[in-house]
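As you go down the protein sequences, you meet chains W and H in turn.
Residue numbering for the first sequence follows my numbering, starting at 1 and increasing by one per position.
Residue numbering for the second sequence follows my numbering, starting at 1 and increasing by one per position.
Don't take each hint at face value.
Not everything, but these chain H residues come out facing chain W in the computed CB check (under 8 Å) [said to hold, decoys possible]: (1) Thr-58; (2) Ile-65; (3) Glu-68; (4) Asp-91; (5) Gly-92; (6) Phe-143; (7) Glu-146.
Non-contacting residues of chain W with respect to chain H, defined by C-beta distances greater than 12 Å in every case (computed) [as the list claims (entries may be wrong)]: (8) Ile-52; (9) Ser-80; (10) Phe-109; (11) Tyr-129; (12) Arg-134; (13) Val-140; (14) Asn-149; (15) Gly-152; (16) Asp-153; (17) Ala-221.
What follows is a list of derived Cβ distance ranges for each label pair [what the hints assert, rightly or not]: (18) Val-99/H - Val-123/W: 39 to 45 Å; (19) Ser-48/H - Asn-156/W: 27 to 33 Å; (20) Glu-70/H - Leu-108/W: 30 to 36 Å; (21) Tyr-94/H - Leu-113/W: 30 to 36 Å.
No wet-lab data here; the hints were simulated from the structure.
For glycine and all other residues, C-beta sits at the position ideal for the given N, C-alpha and C.
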Amino acid sequence: MRILFSLIVLCVIHLSLVAQEKTKVRLYVKGSSDYFIRLDGEMLPHTNLQLIEPGEHTLEVWSPMHLLHTGKIDVPQKDSISYYQKLERDPEYVKYLFDTDAFKRKMLFGKTLPLMASGAGMVGAPIFYFLRKRDHEVLVKENFKSDYNIGGDLDNAQSRYAISNGLFFTSVGFAVGGAVTYFILRNKLNNTEKPNYKQKNPFTLEDFELSYHPLTGTPQAGVTLRF
Amino acid sequence: MTMMRKNSLNKVWIAVLTVLVLSSCEKKPTACLELPETLEAGTLLTLSSCSEDYEFLTWEFSDGIGIEGEIAQRRFEDEGSVVIRLTAYSDGAYKSDQVEQAYKISFRYIDRFEIIGNIPYDSLQIDFGNVLSFPVPDANGRFTEEEPLVRSLSPYTWVIEAERTSITLYGINFLGTRIPLVSDKFNFNVVKDNPTVIGTEEDDFMVKLFWSYRPI
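For reference, chain W alone in the conformation it holds in the complex (with noise of 0.2 Å):
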């Protein structure tokens, strides 16, 4: 019994002598908070504070959007140490970016406004049509009423007629030019391709699995990846 109690002991000794001998590394990565790191050829757990022997190692860090970055480290025999490590942006995904933008701004000026000034128009044009009208018609009689000298207020009716006037035009012209504007590009908008962003990452796909979902009744993927 003695003799099991030593050799636990010793075991114990041993193994926080071993543990002493690897080196607390803290990992900062910069550019990313989701990053993934392969030291070795083995990846790391999710954590910035790794136990890594002293010694110099080959270390990978990875981000999605992110270059991969390979380089060594060279861990030195300390109770800790710190290690920076900046990714670089991918200018694949930088050039998406602005492609993206460039997209949008595109669809905003071909499609989105062009329709929505088109919408409007034809929203406002009827009621604008019947307020025009009636002012026209109080524009008529006032101007009767000034010609003969029976009261009436002509500045106001004309002034609310050239009003009602301004904005039946422009309805009808925002109906007519947004709609011309949009049948106009709509083509050209058509072929315009979707920038799209390939996704270069050192996964390794290990196992991809499609399902239905019982309860949502929505199909689901389910995909093992290996860095």
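Position chain H against the provided structure of chain W, taking the given hints into account.
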């Protein structure tokens, strides 16, 4: 330009044309005046039109008066002529039609009285309100519809007042006393009959008042 784009543009123009056609398919109004050739002076006239498909009307008179409305109420104080311009406007007043017509304006003048009945008096008197009084001499006799007793007046001298007026036929006896034979009250604003009859066939006496407008 592709065929598809042509079709799309055609659809837009068809829609625009439809809106324009719909907005312009409102009926054009027709202005119409159906008034007597002569309008009576000194009385309040209510002028109405026979216009169609209109929203509102304007009346313009050559004496500088303008009235907007379905009817026009005018009182002409002087004789002469007037040109009436009637304009009928559509809903929104984008379409209109106009008619212009000249009218004579004259008072109504008493031309003559015709008296029917068996008259036992040498003379008669016709009182027109409290203002006018017309003596009728040599009245004794029997007068019928075919051969009445006629009392003519100088032409275009005696104006029929538009207010409510009583007309009375009196017989004058040898003592000079007036005996009322037949009487009636008229509102000449409303009564436009020519002749205007005082009394009925059931009465012993009947007076017919003939009137005319002055030719201008």
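Against the structure, the hints:
Interface hint status for Thr-58/H: upheld, as the beta-carbon distance to the closest one in chain W is roughly 5 Å, under 8 Å. A least Cβ separation of about 7 Å between Ile-65/H and chain W falls short of the 8 Å threshold, and the interface hint therefore holds. Given hint, Glu-68/H at the interface with chain W, holds; its Cβ is 6 Å from that chain's nearest Cβ, closer than 8 Å. A cut of 8 Å between beta carbons decides the hint on Asp-91/H: the least distance to chain W is about 7 Å, and the hint holds.
Because the smallest distance between the Cβ of Gly-92/H and any Cβ of chain W comes to about 4 Å, under 8 Å, the interface hint for this residue holds. A least Cβ separation of about 54 Å between Phe-143/H and chain W goes past the 8 Å threshold, and the interface hint is therefore violated. With a least beta-carbon distance of about 54 Å to chain W, the hint placing Glu-146/H at the interface is violated under the 8 Å criterion. Every C-beta of chain H lies more than 12 Å from that of Ile-52/W, the closest at about 65 Å, which supports listing it as non-interface.
Once the 12 Å rule is applied to beta carbons, Ser-80/W is consistent with being away from chain H; the minimum gap is 69 Å. The Cβ of Phe-109/W sits about 18 Å from the closest Cβ of chain H, beyond the 12 Å cut-off, so the non-interface label holds. Here Tyr-129/W does not stay apart from chain H, with its beta-carbon only about 6 Å from theirs, under the 12 Å limit. At roughly 7 Å, the least C-beta separation between Arg-134/W and chain H is not larger than 12 Å, which violates its mark as non-interface.
Listed as a non-interface residue, Val-140/W fails to keep its Cβ farther than 12 Å from every Cβ of chain H; the least gap is roughly 4 Å. For Asn-149/W, the requirement that its beta carbon stay farther than 12 Å from each beta carbon of chain H is not met, with the minimum near 9 Å. Listed as a non-interface residue, Gly-152/W fails to keep its Cβ farther than 12 Å from every Cβ of chain H; the least gap is roughly 9 Å. Remark: the non-interface label on Asp-153/W is consistent with the geometry, its nearest Cβ contact in chain H lying 14 Å away (cut-off 12 Å).
For Ala-221/W, the shortest C-beta to C-beta distance to chain H comes to about 37 Å, beyond the 12 Å cut-off, and the non-interface label holds. As the Cβ distance of Val-99/H to Val-123/W is approximately 41 Å, the hint placing it in 39 to 45 Å holds. Between Ser-48/H and Asn-156/W the beta carbons are some 31 Å apart, a value that agrees with the proposed interval 27 to 33 Å. For the hinted restraint 30 to 36 Å between Glu-70/H and Leu-108/W, the CB-CB distance of approximately 55 Å leaves it violated.
Taking 30 to 36 Å as the suggested C-beta distance range, the pair Tyr-94/H and Leu-113/W conforms, at roughly 33 Å.
When the structure is compared with the earlier hints, violations turn up for hints 6, 7, 11, 12, 13, 14, 15 and 20 and for no others.
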